[in-house]
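Could you build all of it, start to finish, from the sequences and the hints given here?
Number of protein chains: 2
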Amino acid sequence: MFGHVMEDLTPEEIAAASQLYAPLADRVRELVAATVLTEVPAPDVAKAIQLIEEATALLGTKAVEGSFGVRWTPDGKRRTWGNAIVGLRNPIAPPLDIRQRGDLTYADVVIGPQYEGPPTLVHGGIIAAMLDQVLGDAAVNAGVPGMTGTLRIRYNRGTPLGPIRVQSAVDRVEGVKTFVSGQVIVDDAVTVEAEGIFILPKAVRDLGDNPPPGILAPGD
Amino acid sequence: MFGHVMEDLTPEEIAAASQLYAPLADRVRELVAATVLTEVPAPDVAKAIQLIEEATALLGTKAVEGSFGVRWTPDGKRRTWGNAIVGLRNPIAPPLDIRQRGDLTYADVVIGPQYEGPPTLVHGGIIAAMLDQVLGDAAVNAGVPGMTGTLRIRYNRGTPLGPIRVQSAVDRVEGVKTFVSGQVIVDDAVTVEAEGIFILPKAVRDLGDNPPPGILAPGD
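Chains as they are written, first to last, in full-length UniProt numbering: chain A, 1 to 220; chain B, 1 to 220.
Hints were generated in silico from the structure; no laboratory data involved.
Among the hints, erroneous ones may be present.
Simulated crosslink set (DSS-like; lysine-lysine; CA at most 25 Å straight-line) [said to hold, decoys possible]: (1) 202/B x 77/B; (2) 47/B x 47/A; (3) 47/A x 62/B; (4) 202/A x 77/A; (5) 177/B x 202/B; (6) 177/A x 202/A; (7) 62/A x 47/B.
And the structure:
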């Protein structure tokens, strides 16, 4: 499939790449927040722009064309490091560090000022984005990965910026459809509820009973 | 309401602030994309981090506490410049430049590699986020601004990274509920459909028949 990239890397090489690019994305996340909040005068903005342009040019001297895609190793280890919600090298992503405990798929994350919608609250769309990812990961964790078919979100009340939990669990599987529900939780209270249906892609169905290693396992 | 900030600025001062901070956010957007795609070796990453940390420190020398909030002028002009989807000074935001033509509310935008989910496709969650905003703006444009109550998204097929249109229109208003539908369009084909119900906040209902100027008008 286009955008899926096979790379023959050792675990050590993957760890080294993570240790190289994850801190870079973290520093850009801090810059993003500072850009939203800054009130410095024009000369300081001009100087900051100069520094940022220099960093961008430097990073661009060797770069992937198009988009990062999803990377695989021959033993089936998947890396979604460019993903907009979970990508460890994507400064747009909070990033969600999605974990699994029993049937529960969840992420604990602190939501910064760059994700604001209504004043002091997390943007409802960003909440939808995180739920889409965490519900989808529940399907992956259950061995039935799918593209989002439908997603329904019910906002009970505003979700303040700061620490939140996003969680999900598979309710049932019917043929190619996996039904998943989830919640956003703040201080033990549910602020948002979601239901999603995820569709097993034809490309995966066509793999039959002997999929390549890792295709049905969680990535990172 | 907390996070709503009144500022007595002239139109010229607002234009100057936009011209100062919007280009900064644009440069950070370019850096975000470069961070996702870069393959430069460790010494270059270290140098880029140094430049980025310097820029962040400089921008932090004078900054808003907490979050940007929503800013108002006494004549009722609203600025949502920190918003995660439309904020002109928020590098997380594409940003959507949401316009109105007749009953249609829409944004034409080019989606870059930092919004990727499945390889080469826009993250389904990011699509949900943009739809939440554009559907909500249709309610605002119809004079019935609301918090998202429910949002339902149907993904017909993947939406490729690149130029897309996100559009919406109000279907009907029932009491405090505004029913809005919308679509994502790529090359004249609908890739995603959405329906939302937006709830007129009690704070606005309490304003009665004489709301302050601008409270029911689109911001920017």
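Of all the hints numbered above, which does this structure not satisfy? Sort the numbers upward. none
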